[in-house]
Structures are given as structure tokens and as C-alpha cells.
Amino acid sequence: MPIHCEIVSQDRIVFQGDVDIVVVPGVEGVMGILPNHSPLLSTLQYGIITVRKQNQEEYFTVAGGVVEVTGNQVTILANAAENVDEINIQRAEDARQRAESSLKEAGAAKPEDQAALQLALKRSTLRITAVQRFRQRRTR
Amino acid sequence: MASTREMRLRIRSVKNLAQVTRALETVSASKVRRAIQANERTRPYAERAWRILTDLARQPGHQSMHPLLAERDEVNNILVILISSDRGLAGAYNVNIVREALLHFVDSQIPISYITVGKRGRDMLLRRRRKVVGEFSGLSANPTYLESAPIGQLAVDEFLSHRADQVYVAYTEYQNMMRQEPVIRKILPFTVPDDEYTTAAYGTPVKSKLVFTYEPGQEEILHTIIPDFTALQIYKSILSALASEHAARMVAMRNATTSAKDLVSLLQLEYNKVRQAGITNEMLDISGGAEALSQASA
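Protein sequence lines correspond, in order, to chains A and B.
Add 6 to the 1-based position in the first sequence for the numbering used here, that's all there is to it.
Add 21 to the 1-based position in the second sequence for the numbering used here, that's all there is to it.
No lab work stands behind these hints, which were simulated from the structure alone.
Don't be surprised by glycine CBs; every beta carbon is placed ideally from N, CA and C.
According to the in silico footprint, chain A covers these stretches of chain B (three or more CB under 8 Å from chain A):
| id | stretch |
| --- | --- |
| 1 | 60–68 |
| 2 | 162–169 |
| 3 | 240–246 |
| 4 | 249–261 |
Next comes chain B alone, as it looks inside the complex (with noise of 0.2 Å):
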């Protein structure tokens, strides 16, 4: 059995972690809530940038003529944005949104390369020996849109250029503290779906009366607004990636935390019986040693 002195040090450590725990905890804690915002704060250009989108894209013929809307009948290639964090210690976060991805795909005869956002995706990925086309890492704590366009600018000359004929953004959307999913997208080509997640996330689309003048013409607008609209879908990816990391973050301190103090208490326990043991030995040996005192005067 270790000695008192050693057990005392060992109590002092552990809790010094928990203290460490605990504050990376609320940090955490801030830094969901700061994501969240972030996120909202691109609704008003969404919602707007999706009434016009959706506007022009319904409008017949479109699906033919414009590249970015059309689906390729053959599929040769797939590109996959694979959002992850740049840091680790948060539990399961990472190797979920990678296994996840790589599922997605694993029955898929066509080959697939991935853009990776974040060190811990691309290191896993490139540790299976997958194609990396791209990467950005070392994002700030905080990013802004223009920090990310890039990443939807090159998404959009990969497929224009056909060397990606679908393009999907993998990421860990955010639903509440406790509960982070990862979802795999479709953004390219662009398509007009009526779905739960859109619906949400950026209003129903109305159809408008008004005949319109278009400068130059409507293929320009989609041009320009397409790939806008693109970088903006990642963006917001990456802002709800955050937030899931920053909650993944949280509840694993927290259970840190919560095993520290176990730990200190188990500790603390076996320290008081060690403690007790060598008390009661001393004992022992001075109330041995004056009955013999007592004995030998007698």
C-alpha cells in the first residue's frame, strides 16, 4: 500500500484537474452560445438570398441550362467538405462525424475526395490513406463568412471544372446541448428542395408576381448568387459544426469533472484508512510498551 504522503500528493492533483475541468467547462459553455448567435446572424442574407434563389431556379427550363443546377447523368467523381475541429478533447466528437462520412460512402464504387476543414478530420482521413484535395485548418476561434468563402469558392471551381460532380458538406449539426447529429448534405448542384431542414433554416420560399428586369440576364444573377449562396451553406455548417464541437467539449469536461471528484473521493477514503491503520499501530505499540513498563516495575 502506497504511503499517506504519496496518497495526500495524489489527492491534491486530482483535484487540481477538476479545477481544470471544470473551467474548461463553462468556457465551452460561452463559446456554444457565441456560435449559436453567429449562426443566426446569417438568417437575414438566407432567408432573402433563398426567396430570390428559389424564385429564379424554379423557373422552367433552369434545371437544363444553368450548369451549377444541373445533375450530371454520369457521376465520376465525388467531393465531400468534411467538417471536424482543429483540437481534441471532446469525447467522440471527431471520429463520429469521420466514421459517419466515411459510412456514407462505403458502398459507393466512385472515387471520392474530401476538402477537410479542421487538423483531426484531415489526420484521420489521411491515416486511412483517403484523397485530401484540400484543406483549412487553424480557422479562428470566431470565423467570419470571409474567412470560409474560400472554401465554397473552391467546392464551386471543383465542380465547374468537373472534377467533382456532386458535391456533399459533412458536418455535426447542433440541436441542443446534449444532442448533436452528423449530417451529410447535398449542395452541388444546387436543387430546390422542400424540406423540413431548409424550411427552417431559411423560410418557405413565395412565389413572386412582379415581372422583373433582369441585369444582365437571369443566368448571371444565378451565377453570381449560386456560389454565394454555396460559401453561405458552409458557413453556416461550420458555425453549427462549432457549436456541436464546443457542446461535445462541454459534457466531456463535465464528466471529467464528475469522474475527478469520484476519484478524489475514493482516494480520500483509502487515505483515511491508511491513516487510521497507522494511528491505531502507534497505538498499539505505546499501550504494549507501558503495559510492559507497568509489568517489569511491578
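Bound conformation, chain A alone (with noise of 0.2 Å):
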């Protein structure tokens, strides 16, 4: 029996479908979640999102959020998600220097830029972290 998956960003669905696992980035550590699993509501960290369905496997980035499971349905709702395959590797890497760069001047800036520029580090290295783990796995 599979699973039926969404993954809903702010601005679109990212993904929709039936699947026969879902790997999240739980807070308290990476769970799989099979079918029938008991209803839960948990949040994420950032991480990696596994979909399995048959031995197609498909990825995505998340920069946190929460997934809420009932009976075969799991929602994810999503902060920044992306298909790793959509990934574009040179922005991101431009998107880290970029962020790097402006962390390293701006010790005076006010505290909320810094956390933004923090935050936007840590996309950026997450993003080319998870092109360079499995993007190489798909071409196998």
C-alpha cells in the first residue's frame, strides 16, 4: 500500500505523489516513515527529504519545517524545499562565497542581517552538500 507524499514550499508544491517511503529530517533525527504509520506532527532541521517509490529515489533540500502524518498521508510543509535535481550548482556555490564573504565585513552590521546572512550560509552549503552526495547515486 503506498504512502500518498506532498511537499508544499510557501510558494508551490514541490512534490505530489504516491511513494512507498518518505526519509525526513525530524528534529530528534531522521525518521523513515512507512505506510500505516501512527498519526504524528513533528518538526525538521534542516537536512536532506528521501521519497522512495519502487527503487526510483528522488531528494529534496529542506531548510526546516514541520511534516504532519495521518494514516497513509504525509504532509510536509517546507521551508525553501527543492528536487535536488533542480539545483542549480553554480549559484549555490556563488550563493555561499556571496554570503561568506559579507558575513566576514560585516561585524557591525545589526544582528538581524547577520542572522539572515548566517541562514543564507546555511542554505547555500546544504543545497551543495546535497548535490555532491547524490546527485553522483542517481547516475549510477
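Using the supplied hints, reconstruct the complex from the two chains, each of which is provided in its own coordinate frame.
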């Protein structure tokens, strides 16, 4: 019996479909959700969501969010979720360098600016590692 | 009276103006559509987040427990997020929203600070010497959620640090091409209202009968989801305001095109009269001259 999985970010539906297993980065550790999981509501941390259907795997980066499991329905409210295949590696590298250099300069910047920069750095780093780890697996 | 040459130049320049305003009108019309579509795309997330949120927030005891849900007994500071545009030429759009925001709090004795989105609103508030604690201008033409997320973050921070006890968002709600309403809505502390607006925007909340396991706990989940939802509300407000801005600009441009055309026909009439008067005068001269010649030869 498949699970219906939805990954929605604030501005679009990132993924929607029936899958066999969903692996999400919960705050208390990575968890795999199989069919007939008990109802669950959990927050997510920065990381990778994996969905598998027969031997096809798809990977998504997520910058935190919430997952809701009810019966065979998994809903992931994700911040800035992206399919790993969609990530533009060049742009991610550029973004990381920009964030790093402005963090160095911005010693005296406003704390909220610095927090935003830290987050940008975290996001771009996550993207880059995700691409490095998961793109090769696909091509094997 | 101006010479015919000057008048011809004037007519041509007004015609050119009409062409420019007509082009701007078409551009604004397509931008309205784009902003509405972007707002529509937030719907799947908004509905699901709203469902989880209302379900959690309605559980007994939460109003008093979670800081983002708790009404404060004493309101010492109010924060208003004012959404206006970066550019003018949109009729009374910016004036309306700023006036509405100022009027709404005109009787309040509580100090009010502002976060502005858009240069116009910022400038107007600064000219009136209001306290502007943050400003976000120069958002892109099609703002993404990530661009607007820091605004929500800032609002939540101000609220949690007790620099603000209530947070409002003031924006122009898009209703249709001809109608945009300035709206002021409280977003923090978060309440679960059952009014028409929220039902239309997020669907009716359904009470879930399932017994959930919460990881790590209900409080922490609320703590993640409320700031995200606040940021989403602000994002939706920005998109709605953007649609309103372009609609207002479209109407302003259409009016400009119409008046330019009126002016052209007025000038054209005037020009024709002057030209005809010139021709008549010349005819009189010629016929007068011919008359004098024929009399002299006779």
C-alpha cells in the first residue's frame, strides 16, 4: 500500500505522489515513514528528504518545516524545499561565497542582517552538499 | 495666440505621451495577473499550515501557554508593517494606505513604530516624523517568499523581545481591477479567528480526531509553525498589495491616456481654427490686391 506524499513550500507544491517510503530529517533524528505509520506531527531541521517508489529515489533539500502524518498521508510543510535535480550548483556556490564574504565584512552589521546571512550560508551549504552526495547516486 | 508651428509640436508631444501611458497600462495589466497568480500559489501551503495551526492552537490551555498566542494585558508598544510601493505614478495608491494606517491609530496613546515595505510609504512616514524601525524597499518585481521571510522574522523578534506587544500589517487588499481596499489586520499575537476572510483565504478549520504523537512537543511545533505562518501572511499581503499597486497604476495610466486624447482633440480644433484663420486672411489679401489692380487698370 503506497503512501500519498505531499511536499509543499510557501510558494508552490514541490512534490506530490504515491510513494513507498518517505525519509525526513526530524529534529530528533532522521526518520523513515512507512505505510500505516501512527499519526505524527514533528518539526524538521535542515536536511534532505528522500522519497522512494519501487527502486526510484528522489531527493529534496529542506530548510526546516513541519511534517504531518495521518494514516497513509504524509504532508510536509517545508521551508525553501527544492528537488536536488533542480539545484543550480553554480548559483549555490556563488551564493555561499557571497554569504561568506559579507559575513566576514559585516562585523558591525545589524544583528538581524547577520542572522539572515547565517541562514543564507546554511542554505547554500546544504544545497551544495546535497548535490555532491545525491547527484552521483542517481547516475550510477 | 500661439503660432501654428508651436501648436503642431505640442500636439505631437501629447500624442507621444498618450502612447507611453497606453504602453504602461498594458504592462501593469499583465503584472496584476502575475501577482494574483503568485498569491494563488501560496494556497496549498496556507491551507495545510492553517489546518495544523488551528488544530494545535485550539487545544485548551494554549492561549496562555505559548508566547506567540498570548494576548498581553498591557499594550505598551504597537508595531505596524506598512506595505506601499517603491514607485509612484499609481494614482492615490500610496497616499491611501498611509492615510488609512495613520487614521487607524490616530486616537491611540500607545507609541507606534513602523516597518515599511516600499520607498513611498517610508518617505511619507519619515516626512511626518514617525518612528521607522525597519525598512524593506527594492523587493524584486516578482518577490519570492524567501525575500519577504526576513520581514516576518523581524516582526516575530520584535514581538518576542517585548519591543512590540501587538503587530499589525497595513496593506491594500486587491478585490478587482477597479477596487482595492486599504486593510489593517492584526497578525501577532496569533489568534484563531473564524471570520470570512480567513475562511476564504485558508479554508475552514477541521477538527482532527486522530491522536497525534508530537515530536518534540506541541509547544515546539507551534514555535516553528507560527513564525512561518506569520511570514506567509506578510508575503500574501505583499502580493495582494502588489496586485493593487499595478491595478491602481493601470487605472491611473488609462485616465492619463484618455485625458491626453481629449487634449489632442482640443488642440487639434484650436490648430485648425488658427490655420483656417491664416488661410482666410491670405485670401483676403490676395483678393484685395487683385481688386486694387483691376481698378487701377480700368
